[in-house]
Amino acid sequence: MDAPTPPLYIDRPEDVAVAARALAGGAIVAAAFANFYVIVTRPDAATVHRVNLAKGRPVHQVGSITTAIGRIPGMFDWTRISPRLPVGRVRALMDALYGAGPFGFRGPAADRLPEHLTQIDQGMRTTQVIAPGLTCPSNAFFERALAETGTDHLYITSANRSRHLTGAAEEPAHWKAGALAADFAHLDDLVVLVHRDEAAARAAYPGYLTTSVTLLSFHAPEGDLEEPPVLTVDRHGSLHLDDVRRAAAPLGLQVRLAGGARDRLQVRGYAGALV
Numbered sequence: 001m002d003a004p005t006p007p008l009y010i011d012r013p014e015d016v017a018v019a020a021r022a023l024a025g026g027a028i029v030a031a032a033f034a035n036f037y038v039i040v041t042r043p044d045a046a047t048v049h050r051v052n053l054a055k056g057r058p059v060h061q062v063g064s065i066t067t068a069i070g071r072i073p074g075m076f077d078w079t080r081i082s083p084r085l086p087v088g089r090v091r092a093l094m095d096a097l098y099g100a101g102p103f104g105f106r107g108p109a110a111d112r113l114p115e116h117l118t119q120i121d122q123g124m125r126t127t128q129v130i131a132p133g134l135t136c137p138s139n140a141f142f143e144r145a146l147a148e149t150g151t152d153h154l155y156i157t158s159a160n161r162s163r164h165l166t167g168a169a170e171e172p173a174h175w176k177a178g179a180l181a182a183d184f185a186h187l188d189d190l191v192v193l194v195h196r197d198e199a200a201a202r203a204a205y206p207g208y209l210t211t212s213v214t215l216l217s218f219h220a221p222e223g224d225l226e227e228p229p230v231l232t233v234d235r236h237g238s239l240h241l242d243d244v245r246r247a248a249a250p251l252g253l254q255v256r257l258a259g260g261a262r263d264r265l266q267v268r269g270y271a272g273a274l275v
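Counted the way UniProt numbering counts, the sequence shown spans residues 1 to 275.
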């Protein structure tokens with residue numbers, strides 16, 4: 001009988017190197033990310049489409065991107081920001097929220113980003129950047145993966161099977177590596193880069209649910225004349241709306257839920273597991 005494969009840890013450089021090389025070779029990597037897990041791959045269309053199929057999503061569903069923390073502003077075209085919305089305020093809010101923990105921003109996409117990682121909203125080409133925050137060790141993995149792939153961005157998606165496949169009303173993201181690996185056991189090239197201590201990872205983010213990140217859009221502030229400018233939460237996820245508002249208010253920005261974000265994302269339950 002073969003010996004069990006030792007786990008790969010997100011905070012161990014040699015394991016990060018193994019996972020990054022595998023990703024560059026086309027593997028699907030499930031990576032520890034703040035207090036839960038995500039799936040990360042190369043950003044090419046064929047790989048993104050393969051992950052969509054593996055999750056049970058429509059093959060051409062548009063993907064989100066991630067990158068190392070210092071590269072995030074470069075994913076957006078800041079020249080397309082509304083003149084009503086000072087760029088400095090948005091950048092300061094981005095720094096504050098990513099400085100605290102996992103979060104997502106949607107804004108005008110940089111021209112070099114491909115169509116399968118962008119979408120048109122209110123006449124503007126946008127992209128979603130999902131990042132774990134400043135202190136998460138996954139930033140080192142992203143840096144190494146970017147170097148291995150020769151790109152400045154990666155594809156990212158929630159570590160779950162799609163509700164289109166399971167028939168459930170909602171399929172929350174995984175925060176336990178073992179259950180994640182079981183859900184994707186049909187993938188022969190899945191690499192799992194785990195938290196060394198999942199309980200400690202959750203405890204490090206006491207104000208965040210163990211689910212996909214809250215997503216804030218800044219490409220189309222609400223209202224023509226309303227002041228302060230209003231940004232919209234398109235997905236109410238791990239960080240509560242009130243916390244986003246507390247970060248935005250000192251910068252002269254309002255935050256409201258979009259119509260489709262009235263219900264906050266659920267947390268995945270596991271038999272016998274406590275959060």
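Because the hints were derived from the structure by calculation, they are not lab data.
Any given hint could be a false lead.
Stated by the list, open to error - Cut-off 20 Å, straight-line C-alpha distance, at most; resulting in silico cross-link-like pairs (EDC-like, lysine to aspartate or glutamate):
id, residue 1, residue 2
1, 176, 197
2, 176, 44
3, 176, 11
4, 176, 198
As the list claims (entries may be wrong) - DEER-style ranges, computed between Cβ atoms:
id, residue 1, residue 2, range
5, 7, 84, 48 to 56 Å
6, 227, 257, 25 to 33 Å
7, 5, 207, 33 to 41 Å
8, 121, 5, 39 to 47 Å
Every residue, glycine too, gets a C-beta built ideally from N, C-alpha and C.
Do the Cβ positions of residue 7 and residue 84 conform to the proposed distance bound of 48 to 56 Å?
Distance hint for residue 7, residue 84 holds at roughly 49 Å.
Are residue 121 and residue 5 spaced within 39 to 47 Å by their CB atoms?
Taking Cβ atoms as reference, residue 121 and residue 5 lie about 43 Å apart, which means the hint holds.
Range hint 25 to 33 Å: satisfied by the CB atoms of residue 227 and residue 257?
violated (19 Å)
Supplied distance hint 33 to 41 Å, evaluated on CB atoms of residue 5 and residue 207
35 Å Cβ-Cβ, so the 33 to 41 Å window holds.
For a C-alpha distance cap of 20 Å, please report whether residue 176 and residue 197 respect it.
Status holds; Cα separation ~10 Å.
Is it true that the CA of residue 176 sits at most 20 Å from the CA of residue 198?
holds (7 Å)
Does the alpha-carbon distance linking residue 176 and residue 11 stay inside the 20 Å limit?
Holds. Residue 176 to residue 11 sits at ~17 Å (cutoff 20 Å).
Given the hint that residue 176 pairs with residue 44, test it: the Cα-Cα distance must not exceed 20 Å.
violated (28 Å)
The structure fails hints 2 and 6 (numbered hints given earlier, in ascending order).
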